[in-house]
Every structure is written in C-alpha cells, then in structure tokens.
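Visitor: Please build the complete structure, drawing on both the sequences and the hints.
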Amino acid sequence: MNRSLLRRLPSLLWLWLLWILLWSTPSPLVVLGGLLVAVAVLAVSRFPEVSRQITVRPLRLLALCVRMTGNLVVSAAAVGWAALRHGPRVRAAIVELPLDADTDLLVTLATLVTNVSPGSLVLEIDRHRGVLYVHVLLVAASGEPEEARRKLLATERRLVAALGRRPDPSTSPTSRKDDA
Amino acid sequence: MNTALDVASALLLIAGAVFCLLASVGVLRFPDAVGRQHAAAKAQTLGLLLILLGAALQNAPRYAVPLALVALFQLLTIPVTGQIVGRTAYRTSALAEESLTEDALARRLPPEERRPGQDD
Amino acid sequence: MTAVYYVVFILLGLSALLTVVRLVIGPGVLDRIVTLDVLVTLFAAGIAAEAARREDGTGLPVLLAVTLLAFVGSVTAAHLVEEREGMR
Numbered sequence: 002m003n004r005s006l007l008r009r010l011p012s013l014l015w016l017w018l019l020w021i022l023l024w025s026t027p028s029p030l031v032v033l034g035g036l037l038v039a040v041a042v043l044a045v046s047r048f049p050e051v052s053r054q055i056t057v058r059p060l061r062l063l064a065l066c067v068r069m070t071g072n073l074v075v076s077a078a079a080v081g082w083a084a085l086r087h088g089p090r091v092r093a094a095i096v097e098l099p100l101d102a103d104t105d106l107l108v109t110l111a112t113l114v115t116n117v118s119p120g121s122l123v124l125e126i127d128r129h130r131g132v133l134y135v136h137v138l139l140v141a142a143s144g145e146p147e148e149a150r151r152k153l154l155a156t157e158r159r160l161v162a163a164l165g166r167r168p169d170p171s172t173s174p175t176s177r178k179d180d181a
Numbered sequence: 587m588n589t590a591l592d593v594a595s596a597l598l599l600i601a602g603a604v605f606c607l608l609a610s611v612g613v614l615r616f617p618d619a620v621g622r623q624h625a626a627a628k629a630q631t632l633g634l635l636l637i638l639l640g641a642a643l644q645n646a647p648r649y650a651v652p653l654a655l656v657a658l659f660q661l662l663t664i665p666v667t668g669q670i671v672g673r674t675a676y677r678t679s680a681l682a683e684e685s686l687t688e689d690a691l692a693r694r695l696p697p698e699e700r701r702p703g704q705d706d
Numbered sequence: 015m016t017a018v019y020y021v022v023f024i025l026l027g028l029s030a031l032l033t034v035v036r037l038v039i040g041p042g043v044l045d046r047i048v049t050l051d052v053l054v055t056l057f058a059a060g061i062a063a064e065a066a067r068r069e070d071g072t073g074l075p076v077l078l079a080v081t082l083l084a085f086v087g088s089v090t091a092a093h094l095v096e097e098r099e100g101m102r
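Residue numbers (my numbering), protein chains in the order written: chain A, 2 to 181; chain F, 587 to 706; chain L, 15 to 102.
Please keep in mind that the hints were generated in silico from the structure rather than gathered at the bench. Be careful, since some hints might not be right.
Pair ranges (Cβ atoms, derived) [claimed, not checked]:
{"hint": "1", "chain 1": "A", "residue 1": "89", "chain 2": "L", "residue 2": "34", "range": "32 to 38 Å"}
{"hint": "2", "chain 1": "L", "residue 1": "57", "chain 2": "A", "residue 2": "45", "range": "31 to 37 Å"}
{"hint": "3", "chain 1": "A", "residue 1": "45", "chain 2": "F", "residue 2": "648", "range": "28 to 34 Å"}
{"hint": "4", "chain 1": "F", "residue 1": "662", "chain 2": "A", "residue 2": "43", "range": "16 to 22 Å"}
{"hint": "5", "chain 1": "A", "residue 1": "89", "chain 2": "F", "residue 2": "659", "range": "27 to 33 Å"}
{"hint": "6", "chain 1": "A", "residue 1": "109", "chain 2": "L", "residue 2": "20", "range": "38 to 44 Å"}
Using N, Cα and C, we set each Cβ at its ideal position, and we do this for glycine too.
Guide: Okay, here's the thing in structure tokens:
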C-alpha cells in the first residue's frame, strides 16, 4: 500500500504543479487546494504508474529534445514547401514501423516523436503487435518510403535509448507484453 | 521597451505568422484529410509556438506561465487528434488513394473491411 | 513595431481566409474537423499577437481554455464520425 503510494508520487507532484501553474499565483489557498485536488483525482481515477514504465537518462533526453525541436522546424518548413510546390499532387505512403518501445508511456512518446519528424504522421497504433502505421508525405520526407522508414526507426531507437526501461531481471527478455 | 527584445519578438511573431500561412495553404491544397492534418500538426503548431514565444517576450514574466502551458498542451494534443483523424480517415476510405505509392496498412485492414467514402 | 503587427495580422487574416475556403468546400466531415481545428489555433495565435501588441496579457489565460476546448471538440467530433459510419 505504502509502496504503491510512493510510486504514484510523480503523478501526484505533476498534477499539483499543474494546478499551481494554472492559477499562476501560489497563494496558500491555491497550494493547499491543489494538493487536495491532486490527491482526489488520483484516488478517483486509475492513473497508470509512470515511474516503472521509464528510466530517465537526462543527457540523452536533453539531446533528444534539442533534436526534436530541430525536427519540428525542419518538418514545418518541409510541409509548407510541399503545400506550395506540390499541393494536390503530393505523393504519400503508409509505412509499417515496428516498435522497440514496450510500455504505454513509451509508445505514446514514440508517437509524439514520430509526429514531429519531417513528413510523418501516425495513422494507426497496433498496440498488441507493437507496430505503428505511419503516413509519410514523400516530398517532405526524403523521397523513398524505405528511406523515411529507416530515419523513423533511428529516431525511435534514440527515444528508447533516452527513456527505455532498465531491463528487468525478473521478467524474461522475450515477453513484450505490458498492457495493464 | 528594450529594443533588442522588440526585434527578437518581432522576428518571432512574423516567422510564426508565415508558418500559419503556410499551414493554411497546406490545408487548402493537400488532397485529403490526412494531408491537411500534416499541415496542421507541423506548420500550424510551429507557427503558434513562435507567436506564443514572441508574445511572451512582450509581456510581464508572469504571463509566460499560461503561454508555456498552451504550448505544452498544443504539443501533447496534436498527436492525439492526428491519430484519431488518421485512423478514422483510413477506415472511412477518406484517403486520396491515388497519392499513395505504398500502403502497408492495407495488409491488415483490407479495403473490403473499410467503409465506403462519406461525402456530404 | 506597429508595422510588424500590421504584417502579422494581415498574414493571420489571410490564413484564416484560406482555411475558411477549405471549411466551406469540405468535402467530408473529417476535412472540416481538421480545418476547424486549424481555425481555432489561428484565433489563439491572433489573441496572443494582440496581447503582445497591447503589452497586456490579461486575456492570455483564456487561450488555455480555447485550445483545450478545441482539442476536446475535435476528438469528440472525430469519434462521432467513426460511430456514425458504424465501425468497431
């Protein structure tokens, strides 16, 4: 009981912080009320535990964030260029992207990372087989579906390197299921 | 006001507005809903973020907090909208199929399992 | 600085115009959902730019409500489309 409370601490702190930020004036009433609201929300809803799903490696995470910001600028420019130059005749492809990410949170983050990569948008998530289906604008990406796929896979590997779970000795490495 | 701050904020605001315009051109010209979602998810998001940053520079620091939260929510919600619009578009055959050079999803979700196109 | 704001508002207005054209011609419900989402984001950008022009951020917290409502609205509408088409 106590341990499960401890594991929910990150969610609790985040909700509390969000409440204070929303009010943007940290008066005692807001701070105290925020704590009550955060506890109530956690008690009523069944938030998944976050801390067991990821392991943060700060340096790699920072590098990933910088890279993603750059990616967002590049992909915005690329989509804009595609709109001006090709418009209705733009070519696209749907590619399959097998995921290394195995927890819900990581899959969500992988979707986010994929969405800011140039020319790609996640169409469908196959959670059980661990596959993302990605719609790629070919002019905005790099010409061929295969090349776009390779770049997306490399980005996803960087995400797992930054936040992937530490291998858990109690579970066998072959079991990829983590649906809760 | 500080001139350097004004210049930086002016550049950010104009760049943001330009990206918004590019996004709208994409919304107008791309062949299907998913293409338009591309424009919304990339160019429009970047445009909004730049304008928010430019606005934050012109205002008292305490207003940076709501602006940062708007930016955060925008980044977090765009993939969700994109995925829901994407899967609905695919399953209602609203994708411009002539523009697709490769379709890996067709193997799992063959055309006969999808709904015919909806036009109204 | 005034000229800058003229440029920004003209660009945003032009964007809104293009977006409204797509909103009118559709053709599907999904296209309109995406387009409306873009339009709301343009409004949000406009409010932020106006706050910068007047150097008065009183209206900025409203943006939070606007963007979140837009998100919830789009998701709900997309779900309705899916349901109306009778899919799993």
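Visitor: Could you run down the list of hints and mark each one as holding or not?
Guide: Quick rundown of the hints versus the structure:
Range check, residue 89/A to residue 34/L: Cβ separation about 19 Å, and the 32 to 38 Å hint is violated. Against the hinted window of 31 to 37 Å, the Cβ-Cβ separation of residue 57/L and residue 45/A comes to about 33 Å, which satisfies the hint. Checking the proposed 28 to 34 Å range against residue 45/A and residue 648/F shows it holds: the Cβ atoms sit about 31 Å from each other. At roughly 19 Å, the beta-carbon separation of residue 662/F and residue 43/A lies within the given 16 to 22 Å, and the hint holds.
Under the hint 27 to 33 Å, the C-beta atoms of residue 89/A and residue 659/F, about 32 Å apart, fit the expected range. At roughly 41 Å, the beta-carbon separation of residue 109/A and residue 20/L lies within the given 38 to 44 Å, and the hint holds.
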